[in-house]
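Chemist: Chains as they are written, first to last, in my numbering: chain E, 1 to 183; chain F, 184 to 366; chain D, 367 to 600.
Heads up, a few of these hints could be off.
Stated by the list, open to error - Derived SDA-like pairs: lysine to any residue, alpha-carbon spacing no greater than 25 angstroms straight-line:
(1) E/Lys79 / F/Ser188
(2) E/Lys132 / F/Pro272
(3) F/Lys262 / F/Pro251
(4) D/Lys504 / F/Glu322
(5) E/Lys17 / F/Ala254
(6) D/Lys487 / F/Gly314
(7) E/Lys132 / F/Asn305
(8) D/Lys467 / E/Ser51
(9) F/Lys315 / E/Gly127
Calculated directly from the structure, the hints in this document are not laboratory data.
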Amino acid sequence: MNTLSSQIESLLFVSAKALSLKNIAEVVKAPLEEVEYAAEELVERYKGAVSGVQIIRHAQSLQMVSAPENAKVIQEFIKDETTGELSRPSLETLTIIAYRGPIAKLDIDRIRGVNCSLILRNLMLRGLIEGKVKKETQETYYSVTIDFIRFLGLNDVAELPDYDRLHQDDTIDRVLAGAEPNL
Amino acid sequence: MNTLSSQIESLLFVSAKALSLKNIAEVVKAPLEEVEYAAEELVERYKGAVSGVQIIRHAQSLQMVSAPENAKVIQEFIKDETTGELSRPSLETLTIIAYRGPIAKLDIDRIRGVNCSLILRNLMLRGLIEGKVKKETQETYYSVTIDFIRFLGLNDVAELPDYDRLHQDDTIDRVLAGAEPNL
Amino acid sequence: MIIQLDKFQGPLSLLLQLIEKEEMDIAEVSLAKIADQYIAYLKTVECNNPEEMADFLVVAAKLLLIKAKALLPFLQPEEEEEIEEFEQQLRMYQEFLEASKKIQAMLSEHRFMFARPFNRKAIVGIGKQFSPPKLLTKDALGSVFSELLTRLRPAQELLREETLERKIHIEERILAIQNSLIKQASIGFNKIVAEAQNNTEIIVSFLALLELVRMREVTVGQGELFGEIEISRV
Numbered sequence: 001m002n003t004l005s006s007q008i009e010s011l012l013f014v015s016a017k018a019l020s021l022k023n024i025a026e027v028v029k030a031p032l033e034e035v036e037y038a039a040e041e042l043v044e045r046y047k048g049a050v051s052g053v054q055i056i057r058h059a060q061s062l063q064m065v066s067a068p069e070n071a072k073v074i075q076e077f078i079k080d081e082t083t084g085e086l087s088r089p090s091l092e093t094l095t096i097i098a099y100r101g102p103i104a105k106l107d108i109d110r111i112r113g114v115n116c117s118l119i120l121r122n123l124m125l126r127g128l129i130e131g132k133v134k135k136e137t138q139e140t141y142y143s144v145t146i147d148f149i150r151f152l153g154l155n156d157v158a159e160l161p162d163y164d165r166l167h168q169d170d171t172i173d174r175v176l177a178g179a180e181p182n183l
Numbered sequence: 184m185n186t187l188s189s190q191i192e193s194l195l196f197v198s199a200k201a202l203s204l205k206n207i208a209e210v211v212k213a214p215l216e217e218v219e220y221a222a223e224e225l226v227e228r229y230k231g232a233v234s235g236v237q238i239i240r241h242a243q244s245l246q247m248v249s250a251p252e253n254a255k256v257i258q259e260f261i262k263d264e265t266t267g268e269l270s271r272p273s274l275e276t277l278t279i280i281a282y283r284g285p286i287a288k289l290d291i292d293r294i295r296g297v298n299c300s301l302i303l304r305n306l307m308l309r310g311l312i313e314g315k316v317k318k319e320t321q322e323t324y325y326s327v328t329i330d331f332i333r334f335l336g337l338n339d340v341a342e343l344p345d346y347d348r349l350h351q352d353d354t355i356d357r358v359l360a361g362a363e364p365n366l
Numbered sequence: 367m368i369i370q371l372d373k374f375q376g377p378l379s380l381l382l383q384l385i386e387k388e389e390m391d392i393a394e395v396s397l398a399k400i401a402d403q404y405i406a407y408l409k410t411v412e413c414n415n416p417e418e419m420a421d422f423l424v425v426a427a428k429l430l431l432i433k434a435k436a437l438l439p440f441l442q443p444e445e446e447e448e449i450e451e452f453e454q455q456l457r458m459y460q461e462f463l464e465a466s467k468k469i470q471a472m473l474s475e476h477r478f479m480f481a482r483p484f485n486r487k488a489i490v491g492i493g494k495q496f497s498p499p500k501l502l503t504k505d506a507l508g509s510v511f512s513e514l515l516t517r518l519r520p521a522q523e524l525l526r527e528e529t530l531e532r533k534i535h536i537e538e539r540i541l542a543i544q545n546s547l548i549k550q551a552s553i554g555f556n557k558i559v560a561e562a563q564n565n566t567e568i569i570v571s572f573l574a575l576l577e578l579v580r581m582r583e584v585t586v587g588q589g590e591l592f593g594e595i596e597i598s599r600v
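Given only the sequences and the hints, what does the whole structure look like? Please build it.
Modeler: The structure is reproduced here in structure tokens:
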């Protein structure tokens, strides 16, 4: 393995949080493309090896985490009490955001047919989703966080069942384009 | 790799300090001999691979550490994380802790409407705030550090501008009282 | 009926539950059939949040449109499109509902992945390191906190205002129409909604009217396209 991969590995290990590829490129002083390529390789290598350590990739960020099959042992060791339980409306909203994020609040409301403000606020507080304001329109777009992906035991949100189909289902775009503004 | 090695790897990963083989054997509920054998194998495997993460063995203890040859990059990363001015969200979080500390993490999250874990972590890293765990509830309460108070040229947080009025303003109490219980 | 209506679950969820109960697919015919059930069910629900009720009523209005079209097949193509879109919306919601069940199954397997806990010493080393933002002053702290308090304040008042909003019940509007028809044999729909304060009130009045037609208490007639709707006692 080359130096760059090794440096990325060390950084992810020491930082103990998600790091953006941009941030990594700045620290290791390498072109973003090279970092992207090395990161890709690293994620695949960890996935391929049956290892107790894994790397999650999400929204141009990487995070080093423990392997999902050891969840029980680790949870006991660090006395973590996460149950993964969510109310049905929260689960529905999270599902839509996971498959379609970044997605505007209005579009989430349209898909569910109800105003989701309270649920979104709660999911933000729990750190399961995050909102980013788009400068041009001042509209907030929501995505799931790496923390949510950690609970699914996946390396990437794109590994969700039926991801490709639901991610770009064109009926969604049709509904969103044609939906009434007041719904 | 077998399950036991993978479990040991995960444990070493999430543990900040060295773990004794005895301790590991208790957590994974396996005989000490087996743990010793798997540990030996693990150490050898890491030695053989050029990796940014290493496992070192001291007598009867194991610890996962970053590779020493990447020390310079790690230094660069820490410098990056701990220099420069604060972002607006970080600044807001810091003032909430300054005027309302000691304050529980959940309350900070509720006031700001988003999960503040990463911000709190960065403020701690820079030595601006510190957390203390309340024994009864196991909840962490945050306050600004003495270093930070002195840096501002003060002896006590109560000397902050308009402290009495701002500290007692009931706006925040109302926000916290009206906060939704977790869904 | 054993359908559970969770506080936030919403109208589409209710509609899908009704369709599944009848073992039907999402199609115009089944939606027309389900319209009455949906509205009957709404009546049994205690809802004291007008906004939430409005979401349910929007769907009720769409169902009634679909039902009306089933009875009067010569409706405009514009409405045809709206119905098609609504069917698509419902199908899409159903897809996400299915996906959410899979996600729930994944979560219940407890395959959580854990990050290393934050440990200052592990990052900074044993040496104590204090790195303040050099330009930050105590006055800046004061003004940032004041601004934060100001921002938090209006949101509170806005919330209180909303709870004062008037609620409109279909029953109320049905009663109003029935009362108007006591004094006279027929009345125009525009008279009924003359004092309506918002669109929701007009929609609810229209739903009330449709309900009265369904109950065969009144008949309605319209002389020309977009003309006044005349309501007459049966």
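Chemist: Taken at face value, is the distance from the CA of F/Gly314 to the CA of D/Lys487 at most 25 angstroms?
Modeler: Cα-Cα ~14 angstroms, so holds.
Chemist: If you draw a straight line from the CA of D/Lys504 to the CA of F/Glu322, is it 25 angstroms or shorter?
Modeler: violated, 28 angstroms
Chemist: Between E/Lys132 and F/Asn305, is the straight-line Cα distance small enough, at 25 angstroms or below?
Modeler: holds, 20 angstroms
Chemist: Take a quick look at whether E/Lys17 and F/Ala254 sit within 25 angstroms of each other, Cα to Cα.
Modeler: holds, 18 angstroms
Chemist: Could you grab the alpha-carbon distance between D/Lys467 and E/Ser51 and see if it respects the 25 angstroms cut-off?
Modeler: At roughly 29 angstroms apart (the allowed maximum being 25 angstroms), E/Ser51 and D/Lys467 break the hint.
Chemist: Taken at face value, is the distance from the CA of E/Gly127 to the CA of F/Lys315 at most 25 angstroms?
Modeler: Distance of about 22 angstroms is within 25 angstroms: holds.
Chemist: Would you check the hint for E/Lys79 and F/Ser188, treating anything up to 25 angstroms between C-alpha atoms as holding?
Modeler: Judged against 25 angstroms, a Cα distance of about 21 angstroms means the pair holds.
Chemist: Would you mind confirming whether the straight-line C-alpha gap from F/Lys262 to F/Pro251 stays at or under 25 angstroms?
Modeler: holds, 17 angstroms
Chemist: Given the hinted pair E/Lys132 and F/Pro272, is their alpha-carbon gap at most 25 angstroms?
Modeler: holds, 13 angstroms
Checked against the numbered hints above, the structure violates hints 4 and 8; every other hint is satisfied.
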